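Visitor: Fit chain S to the given chain E structure using the hints.
Taken in order, these protein sequences are the chains called E and S.
For the first sequence, numbering that gives the first Met the number 0 gives the first residue as 0, with consecutive numbering after it.
For the second sequence, numbering that gives the first Met the number 0 gives the first residue as 0, with consecutive numbering after it.
Incorrect hints may have been included.
[Said to hold, decoys possible] Computed spacing ranges between beta-carbons, pair by pair:
#1 E:184 <-> S:200: 24 to 34 angstroms
#2 S:186 <-> E:32: 37 to 47 angstroms
#3 S:135 <-> E:140: 18 to 28 angstroms
#4 E:205 <-> S:8: 49 to 59 angstroms
[Stated by the list, open to error] On the chain E side, residues computed to face chain S include the following (Cβ under 8 angstroms):
#5 152
#6 189
#7 225
[Claimed, not checked] Some chain E residues flagged as far from chain S (calculated, every beta-carbon gap over 12 angstroms):
#8 25
#9 111
#10 167
#11 178
#12 210
#13 223
In case anyone wonders, no lab produced these hints; they're calculated from the structure.
The structure displayed is predicted, hence computed values, not measured ones.
By construction, the Cβ of each residue, glycine as well, lies at the ideal position given by its N, Cα and C atoms.
Next come the chains, spelled out residue by residue.
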Amino acid sequence: MLREIEEVDIVEASEAVGADVAVAAPTRTADLSFSGRGQRVAVVDLLSAPELQKFAARLAMDGIHWLTVNNTARIIAQFEWGAAGHLQFVRATASLMRKAWYSFIKYNCSGGEVRWGRAQRVVRSLGRQARSCVVVQRLRRVEARSGCLLTAYGCVRLAWDFDSVGDSFPSLDVVDTTDILRLEDVQVDWRHLSDSHGLRAMPSTVASPPIERRPRRFFSNPFYPWTSRNLAPTL
Amino acid sequence: MKEKQATMTGRSRRHFLLFSPFMVAGLIGPPDDAATAPSSGLGRRTATAVRTRPSVSAVTAGAQTDVGMDDDGWVCVDGDDLAVEDEPLGEMPDPDLATSAQYLAVFKDKLVHDAVLELFCKAAELGGHLLGDNIADTTTITKMDVRAIEAEAETLGVDYLQTLYGRINTTKIHRLIYHLGDELRARGNLWQGDASLNESLHGACKRMYKRTNKRGPGVSLQMMRCE
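Here chain E stands alone, though its shape is the one from the complex (with noise of 0.2 angstroms):
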């Protein structure tokens, strides 16, 4: 915990100073040391949350019975408008302060090709072999409607993605975490939202069983200010 909270003072120390600072900030997250509480999950019990039972199954059947999870992964984001890269916590708990938190992130997949998904565990070990991975639920680029302004302003339209017609839960990706590219602010489709279950309907108040999650809808943010300039630059 204090090796991490050391690096996160360098990260912090060496943005405001610039490169003037005599231990090298990390650059990539391949450089960050993955600390943190861990704790010892049976594969078993992942069996039962619904949403991670394939990824269970393929555990067990590589005959791994434990992994060890964590709340947060630290990542250096990078950003595709070339700004410099910094730190990120990528979140999957479903308590944080007494609240859930399951950041939206957006990754290279294998093929090369960028996704976005959301996180749903924290990964640290399988079995005895360390591994820094995320599981994450998938999101799949969607057509937008015709004319649609947000889309105009570079919002993507986004869904969960299915491997197959019959499946309840979202597809799960497990992305290492240097190839996690940054967090992503990811809005609800409030239109979608309000047609179908009214104005004052939250994702929070509306019911989610497997037939409301395939039509529901989400945009990606590009307002959201992940690099920003300095409003105090003199401290």
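Guide: Only chain S this time, still in chain E's reference frame:
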């Protein structure tokens, strides 16, 4: 004394701006089957473009020509040379807005709900450009950037905002349209004249002074010890 300001602060306004396009799309976007439904009201445009809205007079009367060029934006009160007429703010767009000449010139064949959504998208985009969001180099701003920002501000303030909501004479809109470019060219940023940071530090000094015995030259030493 410690109560939060009731109105939206600049920070909360900026946070709202980032998410507002999505909220507006949900609030005013028509249902998916509306395209096939019979047209009426705000949602659909009629073929004839006749201006019927007097309240957006200064803007719409000029139509495609020099809109409001001779108008300084203030409306005088009859019989009182010094008074300025209050203008109603926060009105919803007029039902006949979509058929006005000004609307057609700016938004062409866009539906009104799309035009309103575009206003919010443009505001979010402009906010991002002003604060250097999501760009590679956040330390420099070129003349070309300033010109682009200026043009965007004018599109937002003159074309979009005034077409949809009529003439809005607020100092913020005025500064955005007329003085933003000059400010950026003169100083390169918008926060050099911001005294809020220094002002906020006064609180710490006051708290330190409160803890002293307020007697003699030892006060400053006591204040330093507070740190």
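Visitor: Against each hint, give a clear statement of whether it holds in the structure.
Guide: So, going through the hints one by one against the coordinates:
1. E:184 <-> S:200: 24 to 34 angstroms: Holds, since residue 184 of chain E and residue 200 of chain S (Cβ atoms, about 33 angstroms apart) stay within the stated range.
2. S:186 <-> E:32: 37 to 47 angstroms: 43 angstroms, holds
3. S:135 <-> E:140: 18 to 28 angstroms: 25 angstroms, holds
4. E:205 <-> S:8: 49 to 59 angstroms: About 32 angstroms separates the Cβ atoms of residue 205 of chain E and residue 8 of chain S, which means 49 to 59 angstroms is violated.
5. 152: 5 angstroms, holds
6. 189: This interface hint holds because 2 angstroms falls under the 8 angstroms limit.
7. 225: Since the shortest Cβ distance to chain S is 6 angstroms, the answer is holds.
8. 25: 20 angstroms, holds
9. 111: At roughly 22 angstroms from the nearest Cβ of chain S, residue 111 of chain E sits farther out than 12 angstroms, so the non-interface label holds.
10. 167: 25 angstroms, holds
11. 178: Nearest chain S Cβ is 21 angstroms from residue 178 of chain E, so the label holds.
12. 210: Fine: 18 angstroms to the nearest Cβ keeps residue 210 of chain E off the interface.
13. 223: Violated: least Cβ distance 6 angstroms, not greater than 12 angstroms.
Checked against the numbered hints listed earlier, the structure breaks hints 4, 13; every other hint is satisfied.
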